[in-house]
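J.: Using the sequences and the accompanying hints, generate a full structural model.
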Amino acid sequence: MEARFRLTHPGFTLEVDLKLPEKGVTALFGPSGSGKTTLLRCFAGLSRASGGRLVVAGQVWQDETQGLFLPTHRRPLGLVFQEASLFPHLSVRKNLEYGMKRAGNRGGEGFQACIDLLGIHPLLERGPGHLSGGERQRVAIARALLTRPRLLLMDEPLAALDLKRKGEILPYLERLHDELDIPVLYVSHAPDEVARLADHLVLMDDGKVVASGPLQETLSRADLPPTFADDPGVVLEARLVGQEADGLSRLAIPGGELLVSRVEAPPGKILRCRIHARDVSLALTPPLQSSILNILPARVAAVAATDTPGHVLVQLELAAGLRLLARITERSRAALGIGPGLAVIAQVKSVALLA
Amino acid sequence: MDASNLAAVWLTLKLASVVTLLLLLLGTPIAWWLARTRSWWKGPVGAVVALPLVLPPTVLGFYLLILMGPHGPVGQLTQSLGLGILPFTFPGLVIASVCYSMPFVVQPIQNAFEAMGERPMEVAASLRASPRDAFFSVALPLARPGFVSAAILGFAHTVGEFGVVLMIGGNIPGKTQVVSVQLYDHVEAMEYVEAHGLAGGMVAFSFLVLLALYGRRRLGGWSP
Chain A
1 MEARFRLTHP
11 GFTLEVDLKL
21 PEKGVTALFG
31 PSGSGKTTLL
41 RCFAGLSRAS
51 GGRLVVAGQV
61 WQDETQGLFL
71 PTHRRPLGLV
81 FQEASLFPHL
91 SVRKNLEYGM
101 KRAGNRGGEG
111 FQACIDLLGI
121 HPLLERGPGH
131 LSGGERQRVA
141 IARALLTRPR
151 LLLMDEPLAA
161 LDLKRKGEIL
171 PYLERLHDEL
181 DIPVLYVSHA
191 PDEVARLADH
201 LVLMDDGKVV
211 ASGPLQETLS
221 RADLPPTFAD
231 DPGVVLEARL
241 VGQEADGLSR
251 LAIPGGELLV
261 SRVEAPPGKI
271 LRCRIHARDV
281 SLALTPPLQS
291 SILNILPARV
301 AAVAATDTPG
311 HVLVQLELAA
321 GLRLLARITE
331 RSRAALGIGP
341 GLAVIAQVKS
351 VALLA
Chain B
1001 MDASNLAAVW
1011 LTLKLASVVT
1021 LLLLLLGTPI
1031 AWWLARTRSW
1041 WKGPVGAVVA
1051 LPLVLPPTVL
1061 GFYLLILMGP
1071 HGPVGQLTQS
1081 LGLGILPFTF
1091 PGLVIASVCY
1101 SMPFVVQPIQ
1111 NAFEAMGERP
1121 MEVAASLRAS
1131 PRDAFFSVAL
1141 PLARPGFVSA
1151 AILGFAHTVG
1161 EFGVVLMIGG
1171 NIPGKTQVVS
1181 VQLYDHVEAM
1191 EYVEAHGLAG
1201 GMVAFSFLVL
1211 LALYGRRRLG
1221 GWSP
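Sequence lines, in order, name chains A and B.
If you count the first sequence from 1, position 59 lands on 59 in the working numbering, and the numbers rise without skipping.
Start counting at 1 in the second sequence, then tack on 1000, and there's your number in the working numbering.
No lab work stands behind these hints: they were computed from the structure.
Under 10 Å between C-beta atoms, here's a sample of chain B residues computed to sit facing chain A:
1) Glu1122
2) Val1123
3) Arg1128
4) Ser1130
5) Pro1131
6) Ser1137
7) Val1138
8) Leu1142
To give an idea of the chain A side of the interface with chain B (calculated C-beta under 7 Å), a few residues:
9) Leu46
10) His73
11) Leu79
12) His89
13) Gly99
14) Arg102
15) Ala103
Each residue gets a CB set at the ideal place from its N, CA and C atoms; glycine is no exception.
T.: Have a look at this one:
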């Protein structure tokens, strides 16, 4: 996927030039006002960027040098908005059929699979007014998918939901992530959602792309601007290998193991976990007596300043090329003589499981 | 009720029905444009549509009389088309009433379109509906409460007009003599019994219309 847009509003300029993977979830992440939603609207054709160019799955949707601009209704895309956007005058079933009919999916190909995937079968004959916020979003996602889009755009689909509803819908989004073979652009300002769902990360600030790359790699960069570095941390994929007798679970990561609070999942299951930089401390020798269970040998790759005075961010490389971030004080850094190339021991105080 | 009263009632209902129908057809595109445009013309056009709200009906009637009269541009046009001239005919009355009741129809529809916002149209576009398709399949059904209000107000306002009708329609029984004018005649002629019949009927009618309007608003909301 190739996207190049330049758009000027009074006091705001969006200027991006992106190459994105054709598969998987790409998160557009950034503070409010950074242009995430504007960028999404450019993809959708709801905003027209002069000098824009957009190629999706080999098809040119926009190329202003040739005066080509497909209007939204001619683009094979699915769009899910922040707030529930079901048509209130139609039942759930009619809402689903609205897009299916117009996208030439009269036969209802994939209908059953889609309503099973999103668990909305019991809701079909109801009116949107009788659904909870989470149910409405699931129906909106199904409605978008049933048009058989080549690109799914989601604009903070969970932002309007309370914590409980979020928890209710996230598993469905994860199933979507596993089963969908089209690219998804997911706008969010919630780090946890991004860590859970995304494969690729685009960081935006003030209308510009600050960083774009695979999620794990991008999150483990130590040189991101302070906007993104107030709670840095990496995301790892780990495989559940076994349950311990004392209530812990053993996870395998490339070149090591992690012990975490018990996870109820079948062995072999791939789990995403997040390790915050503030939960990683460093030592020069393996501690002999410590309450910390997860101790990993690592090598310092880089040291960067943070926006908190007296603290630095240390980028570590584990045995198998995995990266961790550790946030330590400048005083400790100087006392231990930490600098690029030094072998250290990373002590991980806690591992947050995301799924 | 005597035959002339009955004729006046019948003519009034016929006029109000035709005018309401025409206003819904004409007012919808105007309301849509006013609700969605960012053009500089929005202000001036909106003001022109709203003029009948503040102008004395006689002012409007006077200008329409001039425009549609034998020497006015509209009058010249209708004459050259072989339609004669419009003042003191039923079609003339219809045109005058359409102008006079326009804001009562355009504004509720415009409000409904504005309340709907851009989002439903964007959603429809993302589901492959062309703008025209989305207008009929989404915007019109969502604005339905506005249309019902517009129809009720347009109808009732046309029934209740007096000044414009007197200026344009004159007072020709069975042709342009509507209830309000007929009532005026009865009072002039001291026929208070007949006048009571018509006046009481108008009060009851207006009350029922407003009851329907406000009762419906209180019930509002969607139940597909």
